[in-house]
Amino acid sequence: MTAPAVQREDAVDRGNAATRGGAVKRKGRNPFVKWAGEFGWRHLIAVAVLAFGLVPIVYVISAAFNPNGTLSSTSLLPTSFGFGNFQKLFTDPNVPFGRWFLNSLVIAVPAAFVSIFISSLAAYAFSRFRFKGRRPMLLFLLLIQMFPAFLAVVALYLIFGNIGEFYPVAGLNTKLGLMLVYMGGALGVSTWLMKGFFDTIPKELDEAATIDGATHAQIFFGMILPLAAPIIAISGILAFVGTMNDFILASLFLTDRPEMTLAVGLKTLTADNSPASYFGIFAAGTLLTSILTVAVFMSLQRYIVSGLTGGAVKG
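Residues in the sequence shown are numbered from 34 upward in steps of one, following our numbering.
The hints are simulated quantities; they were obtained by calculation from the structure and are not laboratory data.
Be careful, since some hints might not be right.
[To be verified] Beta-carbon label-pair distances, calculated as ranges:
| id | residue 1 | residue 2 | range |
| --- | --- | --- | --- |
| 1 | G194 | I90 | 36 to 46 Å |
| 2 | T112 | S323 | 18 to 28 Å |
| 3 | Y92 | R168 | 40 to 50 Å |
| 4 | I90 | R168 | 40 to 50 Å |
| 5 | P291 | Q178 | 32 to 42 Å |
| 6 | E237 | Q178 | 29 to 39 Å |
| 7 | M331 | A79 | 17 to 27 Å |
[To be verified] Once the Cα atoms are required to be at most 25 Å apart in a straight line, the calculated DMTMM-like pairs of lysine to aspartate or glutamate come out as:
| id | residue 1 | residue 2 |
| --- | --- | --- |
| 8 | K165 | D239 |
| 9 | K121 | E292 |
| 10 | K208 | E198 |
| 11 | K300 | D289 |
| 12 | K121 | D289 |
| 13 | K208 | E292 |
| 14 | K300 | D125 |
| 15 | K208 | D289 |
| 16 | K165 | D232 |
| 17 | K165 | E240 |
| 18 | K165 | E237 |
For each residue, glycine too, the CB sits at the ideal point set by N, CA and C.
Generate the whole structure from the sequences, applying the supplied hints.
Put into structure tokens, the structure is as follows:
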């Protein structure tokens with residue numbers, strides 16, 4: 034055997050030995066240590082985040098089913114169980130829960146529907162037409178979303194106070210006045226979301242429909258809206274949930290106890306009365322209120338991901 038052949042054979046032997054040694058080394062590594070180093074820390078973080086989010090929910094559930102109904106007797110893990118707080122929620126004359134719930138629906142549903150309808154019209158115009166001032170108007174809609182709603186509380190109070198002098202039906206302490214505020218507040222973000230989604234719908238569909246003699250209204254209602262169902266659903270969820278959970282503007286506009294919404298009415302249980310004795314009823318009310326929100330999310334969850342990702346495009 035020649036010297037080069039011997040050298041190649043030695044190199045192959047050393048390579049095989051190194052491979053066998055590496056395999057033995059990898060085989061000898063503890064599988065749990067390997068799993069913990071690659072994936073285990075992610076599971077620990079996920080469990081910590083889940084526990085951080087579940088603790089308040091478990092505490093509210095425990096308080097809702099606590100027969101004593103006091104803050105001092107409530108613990109994270111319930112020591113007793115009962116439905117007394119839910120019964121008082123519907124029978125206590127100081128807690129018109131049904132009226133508050135109806136007021137919230139009467140305000141939230143029309144406000145969300147009208148705001149989404151107007152936003153879809155504006156988004157269609159911004160997406161399909163080119164007109165003077167289009168981009169500055171879009172930037173203005175984006176700019177006003179950077180400021181929280183409570184910064185306009187004083188201005189809204191003065192404006193609707195003056196409106197109430199001439200049109201009492203739309204002034205302060207009226208459902209219509211609060212609905213008008215909610216309609217305007219949801220227009221900016223909904224318009225931007227829908228406009229981004231409308232941009233993903235091919236304009237060739239509009240051109241084909243125009244050639245067939247369709248008007249802009251027929252194109253919008255008959256073709257664009259059905260295709261934009263995901264973004265309409267997610268915008269409707271955001272508008273509805275935001276209206277149902279709002280406290281600042283609702284507490285400003287609605288001061289009469291029978292006319293309050295759920296958020297404002299339930300807050301009075303721990304403000305006007307003894308927080309200890311009404312805490313269980315307050316927890317039961319918040320638990321029932323969350324059921325509606327969860328039901329809306331669960332019924333429309335198939336639209337959420339497609340709606341948000343579909344609208345996240347550059348306009």
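Quick rundown of the hints versus the structure:
no., hint, verdict
1, G194 - I90: 36 to 46 Å, "holds, 39 Å"
2, T112 - S323: 18 to 28 Å, "holds, 23 Å"
3, Y92 - R168: 40 to 50 Å, "holds, 49 Å"
4, I90 - R168: 40 to 50 Å, "holds, 44 Å"
5, P291 - Q178: 32 to 42 Å, "holds, 34 Å"
6, E237 - Q178: 29 to 39 Å, "holds, 32 Å"
7, M331 - A79: 17 to 27 Å, "holds, 22 Å"
8, K165 - D239, "holds, 22 Å"
9, K121 - E292, "holds, 20 Å"
10, K208 - E198, "holds, 16 Å"
11, K300 - D289, "holds, 14 Å"
12, K121 - D289, "holds, 21 Å"
13, K208 - E292, "holds, 8 Å"
14, K300 - D125, "holds, 16 Å"
15, K208 - D289, "holds, 11 Å"
16, K165 - D232, "holds, 19 Å"
17, K165 - E240, "holds, 22 Å"
18, K165 - E237, "holds, 23 Å"
When each numbered hint is compared with the structure, no violation occurs for any of them.
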